[in-house]
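Protein chains: 2
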Amino acid sequence: MAEALVSKYVQSQLRALNGALINGQFVSVRKLLLELPPSDVAHILESSPSRTRDELWELIDGDFHGDILEELSDDVRNGIITKMLPANVVDALEEMDTDDLAVTLSSLPEPVLQDILDSMDAQDRLRAEQALSYGEETAGFIMNTDTITLRPDVTIDVVLRYIRLKGELPENTDTFYVVNRTDNLVGIVPVTRLLTAETEAKVSDVMDEESEAIPVHMPDDEVASLFERYNWLSAPVVDEKHRLVGRITIDDVVDIIREDAEHSMMSMAGLDDDEDTFAPVLQSTKRRSVWLAVNLVTALMAAMVSDLFEATLSQLAVLAILNTIVPSMGGVAGNQTLTLVIRGMALGHVNANNSRWLISKEISIGFLNGAIWAILIASVIALWKQDYMLGIIIAFAMLVNMIAAAMAGATLPLIMKRLKIDPALAGSVILTTITDVVGIFAFLGTATLFLM
Amino acid sequence: MAEALVSKYVQSQLRALNGALINGQFVSVRKLLLELPPSDVAHILESSPSRTRDELWELIDGDFHGDILEELSDDVRNGIITKMLPANVVDALEEMDTDDLAVTLSSLPEPVLQDILDSMDAQDRLRAEQALSYGEETAGFIMNTDTITLRPDVTIDVVLRYIRLKGELPENTDTFYVVNRTDNLVGIVPVTRLLTAETEAKVSDVMDEESEAIPVHMPDDEVASLFERYNWLSAPVVDEKHRLVGRITIDDVVDIIREDAEHSMMSMAGLDDDEDTFAPVLQSTKRRSVWLAVNLVTALMAAMVSDLFEATLSQLAVLAILNTIVPSMGGVAGNQTLTLVIRGMALGHVNANNSRWLISKEISIGFLNGAIWAILIASVIALWKQDYMLGIIIAFAMLVNMIAAAMAGATLPLIMKRLKIDPALAGSVILTTITDVVGIFAFLGTATLFLM
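These protein sequence lines are chains A and B, in that order. Heads up: the first sequence begins at 75 in this note's numbering, then just goes up one per residue. Heads up: the second sequence begins at 75 in this note's numbering, then just goes up one per residue.
A hint or two may mislead.
Where chains are identical, the list cannot tell them apart; a pair therefore holds if satisfied intra-copy or between any two copies.
[As the list claims (entries may be wrong)] With a straight-line cut-off of 30 angstroms between C-alpha atoms, the simulated DSBU-like cross-links for lysine-lysine are:
1. Lys360 - Lys491
2. Lys315 - Lys459
3. Lys105 - Lys459
4. Lys459 - Lys360
5. Lys240 - Lys276
6. Lys105 - Lys276
7. Lys494 - Lys360
8. Lys157 - Lys360
9. Lys105 - Lys157
10. Lys315 - Lys105
11. Lys276 - Lys315
12. Lys491 - Lys276
13. Lys494 - Lys240
14. Lys459 - Lys276
Because the hints were derived from the structure by calculation, they are not lab data.
Using the sequences provided together with the hints, build the complete structure.
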């Protein structure tokens with residue numbers, strides 16, 4: 075739970091803002107907003123109900139619109155842009171880096187994007203089209219094009235003088251890239267190296283030749299895992315011919331890491347990754363209904379399985395009472411396995427070499443867990459309902475369902491990945507269907523065989 | 075799903091390693107391991123079943139033990155260290171940075187840690203105790219102490235000559251810190267600034283005075299959210315008297331961001347954050363049983379609610395068949411709300427100012443969803459079971475339970491946070507208990523009133 079120092083400051087600002095808004099003191103709201111850095115204003119907008127958000131946006135100085143928009147999450151940003159005049163959006167986008175521009179434009183609904191492109195002059199449109207030219211979620215999409223390149227045959231002294239002449243360096247510059255006459259990347263020189271190198275040395279003498287370069291079409295989650303694994307701060311991006319086309323910096327990667335990790339959690343709960351906490355009621359209702367519809371179908375399927383045993387249930391009400399225990403335990407155990415395997419796959423730990431080992435490990439755990447909870451539930455039921463046979467039946471069903479849960483939890487993500495379906499998205503609902511059906515079938519089926 | 079270029083390379087290495095291991099070609103295994111960077115060896119160890127992991131560790135050159143240990147996740151690292159001789163562990167720890175040392179030592183079980191500290195000489199023990207002197211999960215714990223400090227009154231020229239003389243700079247140095255005679259932080263100078271500044275200027279002329287410093291006792295998740303919000307690459311750490319004590323770099327923060335985001339997902343599925351995908355069966359069974367035990371209790375509670383209506387159930391088996399639909403829908407809807415609020419809290423978006431708005435928004439969604447699915451399920455049941463009254467009863471129960479689910483999902487995390495309980499850990503199980511009990515009670519209770 076993050077609640078930083080700054081967050082407390084933002085909270086008091088938010089309270090001041092709210093007070094000023096409610097009392098209609100728009101002048102002080104405007105003043106309060108001007109004093110905050112864009113990332114804090116973005117945070118306040120994201121923490122506000124949609125109506126307050128619109129009011130606040132009206133009071134923000136247009137000069138800061140671009141800086142604030144690039145800090146917002148997709149959903150919130152789209153909501154704001156859709157309500158802006160296309161000409162104002164164009165103004166706000168003018169100052170954005172190519173990577174932020176690409177992210178902003180690509181997440182907009184098609185008609186809104188078209189309106190904005192139509193309002194641009196030729197130069198801006200070209201820049202926008204370039205930003206959008208790489209596929210979404212690729213290295214090209216998140217890269218920046220403001221690299222500083224050096225030639226291998228110049229001396230450090232010349233480089234230092236050139237940089238001093240240039241004055242300001244692009245934000246987060248930690249590396250200079252060395253390219254030959256055809257723009258091919260031949261090495262890198264960390265900024266700190268320029269400070270420690272002999273001034274008479276040539277760039278080629280001090281550069282690292284074996285630097286890793288990211289292909290421009292690499293998916294962004296692969297980029298993120300490279301950054302994470304090798305603790306990079308930035309990396310050059312090259313095209314098919316190994317020509318330098320841009321650089322990716324860690325601050326863009328951090329967003330991807332956060333989003334990737336959140337994606338599984340949100341998907342498994344049947345939510346859109348990007349769902350805005352403060353979205354309007356109708357929008358949220360619509361988004362969440364897909365998952366509820368799927369769940370209704372699986373709940374009806376479970377009911378149909380029970381329906382097969384109507385004769386048994388009508389004679390033994392006790393079975394109806396206990397009917398939910400076995401499916402529920404299977405669901406929890408199966409979801410544990412499923413979550414573990416999904417995370418292992420996301421971290422790149424699960425692969426063809428070890429998946430068989432992993433499946434058999436999870437089945438062993440399922441068997442052990444099944445045995446433990448079978449004995450326990452049998453004792454509880456035998457004591458509660460004074461019926462040993464019933465205890466044995468529920469124990470058997472529990473064992474069967476726990477093993478089924480482990481098998482489903484371990485194999486489903488692997489199968490879904492092969493079918494190119496996101497396991498986080500539908501894995502949990504398929505798993506629950508399996509554990510419900512197997513659990514009910516095992517319990518009521520065995521009971522019908524032995525008690526009727 | 076991350077499966078990087080490098081990962082494919084690692085996979086082929088892993089296959090080669092596996093083959094060599096199985097055939098007992100330990101010489102080639104040793105050679106393969108020497109050729110890989112430590113982060114890749116760590117990745118291979120994390121992707122291996124526990125027995126293979128032990129065999130591989132034996133074959134790794136002792137000189138690389140430290141570099142590899144610091145790349146491993148807590149669980150895997152602890153498993154390896156526990157099996158090593160304390161003297162070998164001490165050797166491996168010697169080269170580690172203070173932040174990695176702190177993380178490694180603090181996660182060890184107490185007796186193992188004691189054995190290792192006992193095997194250290196006085197100097198190493200002092201270093202270890204210093205690393206452990208800040209509380210776990212604080213800024214002091216994850217900081218590095220290898221800062222480069224400058225005095226405000228020297229010229230850039232002197233600084234440049236000093237650095238050139240020094241030769242190598244610490245890893246990931248992007249900023250120099252300016253301190254006065256009493257070590258108080260008075261400003262920062264980005265490395266790039268040294269390249270562009272006039273050489274005759276003084277440090278105090280070019281430094282940024284208004285830099286943010288992190289208090290040494292700040293919780294690490296707050297540090298992470300500051301880095302994320304302001305796109306920092308590094309930040310100075312100061313003690314209570316604003317004296318510079320170290321620096322935190324983004325690569326350490328990336329791990330915290332990933333772990334924080336994963337924490338909610340793993341906790342909500344009843345797993346330990348750090349659970350090793352390839353842990354031995356018994357260890358995993360033990361860890362997961364807590365959650366299963368809790369679930370068994372809630373499943374029994376739901377059964378007891380059904381038990382209250384035994385008379386009704388024994389007369390109307392159809393109720394037994396449909397008894398799971400309402401609780402199941404409530405569970406899904408409630409978990410959507412719960413997950414959204416937990417994420418909103420983690421991002422710092424949910425606070426005292428907007429929580430009431432959020433709760434009423436979620437209840438509105440619950441009401442709307444309840445109405446939609448009530449009408450749908452009523453139609454399905456009326457058609458399937460040819461019983462309109464039954465349809466109306468299940469619709470009523472659905473509406474009641476969806477509203478209860480929304481209320482529970484929105485308020486539980488806020489209440490638990492106030493009670494200082496982690497909502498991700500127990501929120502989901504409490505929620506499901508509520509939706510089960512309310513759902514069964516509403517359905518069977520209404521049915522008893524109107525059908526009996």
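- Item | Hint numbers not upheld by this structure, sorted from lowest to highest | Going through the list in order, the structure violates hints 2, 3, 6, 10, 12, 13, 14 and respects the others.
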